[in-house]
Amino acid sequence: MRKFAQLIEKLDSTNKTNQKVAALAEYFADANEKDKLWTMAILSHRRPPRPVNTTLLRVYAAELAEIPLWLFEESYHIVGDLAESIALVVPNDTHHSEKTLSTILEELVLLKPKSDLEKKEYVQQMWLQLDYYSRFVFTKLLTGSFRIGISQKLMTKALSQVTSVPQDELAYRLMGDWNPAKTTFEELVFGRNEQAYVSKPYPFYLAYALECELEELGNVSDWVAEHKWDGIRGQVIARKGEIFIWSRGEELVTDKYPEIADLVNFLPPGTVIDGEILAFIDGEIALFNDLQTRIGRKNVSKSILQKVPVIFKAYDLLEYNGEDIRALSYLERRALLEALIQKTNHPALHISEQMQFSSWAEVAAERALSREKRSEGLMLKRKSASYQVGRKKGDWWKWKTDPLTIDAVLTYAMRGHGRRTNLFTDYTFGLWQKNESGENELVTFAKAYSGLTDAEFAKVDSIIKKTTLDRFGPVRSVTPTLVFELAFEGIAFSNRHKSGVAVRFPRILRWRQDKSIEEANTLDDLKALIPK
Amino acid sequence: MKQSDLLIFNSKGIYCPKAQVYIDPWRPVNNAIITHGHSDHARFGHKKYLTHHSNIPIIRHRLGEINVQGIGWNEPILINGVKFSLHPAGHIIGSSQVRVEYKGEVWVFTGDYKTEDDGVCTPYELIKCHTMITECTFGLPAFKWKPQATVFEEINAWWKSNKEEGKTSILFGYTLGKAQRILKHLDPSIGKIYTHGAVENMTSVLRPQLEMPKTHLISKETEGKEIRGNMVVAPTSAHGSPWMRKMVPFETGTCSGWMAFRGARSRRATDKGFVLSDHCDWQGLLQSIKASEATRVICTHGYTDIFSKYLREIGYDASIENTDYEGEKEDSSATENSQLA
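Protein chains in written order, with full-length UniProt numbering: chain A, 1 to 532; chain B, 1 to 341.
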């Protein structure tokens, strides 16, 4: 455990990519097979399910620290991270546990079904037997939230250095449905287990946001454009009479979308399609909001299937007749895809329209229609491009629509997390609306916690501390004085929100120090932005 | 606060109405007792200053020609029948607690303090009292200091390994107090110790009363390659300034109690955080309060609301008074910058 904790500490204490890769490579070169496998699982978000709920963890920690629960909670609000708070308050180790990472994780898998009493005993004993950083990492494994800025890319890079297996191949091997409790490092990295390959998706090719003028991309005739649909990116895999639907987050979601899974009887075996899962209501692409009602559901009821049906909008073909065709050009793959979809002729399988333009101005004009067509903007793809691995520049670009904006008033603030611990950086914003007695009041409509510089956060933080009206745990209500311009991507009516409106990806565009709160927008202004 | 209290808090500072004396006032007054030299406690503009002998060179250096009288530890002086005496606070060199006694009633203002002997200043002395006015900068159970010997082992090991990689080590800490504590415990057998001008100035003020290893001031003429692999001690405010360019390639470290939090560490963009504070940790605060046998506790700065709530829960008559004291600041402060001028 100590070695893994030291690795995490190293990764956490540098933001230099080379140092991170070096630390990972050093660890992989030295760790035992099982620990390596579990490390790969953890860093690619394949953690065992949370064995103890966090409410209980707080109680166990407060008890061990001999402090009242409220005092633990207050400390947590200030520290900003549960695992870190626990590691800090629990008394320091008396004797060190020599358990390996894999032993501990295997124990956590077994812990889940046990009684609360057994859980408490195990967790408290472990806390007492670990040094501070190991305790922190152990608790992170318990709470299941591990964000340490290690991308899949960095991990495969380091692993490639140690194993000499090429990065792209490793990325492919590490995709999909593997379980560290049921495979070995050898088999995962070097093995050829046909069964495991049946469900395996390809690494997604991802685009960066366009960072230059369109003209700099060269000749418009070398490019095609597609709308960037606002759903869940996914892969549909039909192999050996089975079908698998993967989301981009590498979650197997086959059971959630039976409409698409129905393709099992229609697609020829050895087919892999890249595309987007979209809500499709009354013959039209619906909003991400609608799709959201499907995402969280484990049981897909008849009524929800009728209310919010989904389709798969195909972008690309990656495997054809059992052959990996990613090296073909986009146009060649596209021709095969079009023919396949036509032949399949299934109501849940649509093709994403491909557009060719004779000038860049026409491309820009099409982008302006994105909101009307319910897309997020355009994808620009080079005709000759192969299907690559991960986020790459050059052949694919995303060119999203400019965000919608509105001026809103800060009404509540909460302490931030991670590096913003101890500063009020998570804000709630309101817009003006007349209440029943005709007075203007602020109605909450969005939360945002990014978009300001550290210096601005520090200033806003000090104003919040001075204008605090009331405290509710980590949240403070403030006398409204601050106006911010917020940007967001999508907007829709919603009855789950007090304001009656839901916005997507709200973030702070800038601090409008030039505006008084009276000059902020009204809720009606916001509603006017909703596409009819 | 009751008007009959021995010490009250008004708009200028902590005030003893019977003696007409202020302690660490933040507005100009006639008579000021000063606990220590940090700028939120020792301010400019008072007519008369009373402080411990060893603090005089510090506040003279910072405030210029002031009218100051020095006394020793445990040397009571009577002002209008009120007995005042200074006792070591263990915070930085020359730092005192103020004991105030009138007709058998004893109050103590701790100023800033820590209970661990840092090998630099006179160690904290426990004083029994009825009412204790205490700081609680780190008054949360999340703060738990390691013994300083362990921290300095880490620091020296870090320096050594940076040197092996051909890198210069830059350590940031407060100019007054922390910097000298660092200097005192660095291992000069590893390499040479360089200083930023602000640190060098303050350190030279303190050298007559403190034995410290030899330091080399980094001036305009100092060449980058002679510093390479060595140690540089600098004020927090120098972090990220062009002054650091000469030291490339370097690793940075910050010594502060706040380094206990990962968030604070990454916010400072420091490569390495060493948890080293001149204030009490949670247990240090609780143990001092308990040992003082005080029944009433007034919290002045830090996590006052949380700390006093806890004290009330375990049976103390605890309250909060607002002051202008800042304790150990989380970010490099304007006051530190102005000290450089």
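Honestly, the hints are just simulated from the structure, not real lab data.
A quick note: this is a predicted structure, and the numbers were derived from the prediction, not measured.
Don't take every hint at face value.
[As the list claims (entries may be wrong)] Below, in silico cross-link-like pairs of lysine to aspartate or glutamate (DMTMM-like), each with a Cα-Cα straight-line distance of 25 Å or less:
#	chain 1	residue 1	chain 2	residue 2
1	B	Lys160	B	Glu211
2	B	Lys329	A	Asp12
3	B	Lys214	B	Glu293
4	B	Lys329	A	Asp461
5	B	Lys146	A	Asp131
6	B	Lys167	A	Glu26
7	A	Lys459	B	Asp324
8	B	Lys167	B	Glu226
9	B	Lys163	A	Asp12
10	B	Lys290	A	Glu66
[Claimed, not checked] Label pairs and their computed distance ranges (CB to CB):
#	chain 1	residue 1	chain 2	residue 2	range
11	B	Lys83	A	Leu469	50 to 56 Å
12	A	Leu469	B	Ser4	30 to 36 Å
13	A	Thr184	B	Ala269	38 to 44 Å
We treat Cβ as the ideally placed atom computed from N, Cα and C, and that holds for glycine.
Quick one: which hint numbers does this structure break? Sort them smallest to largest. 3, 11
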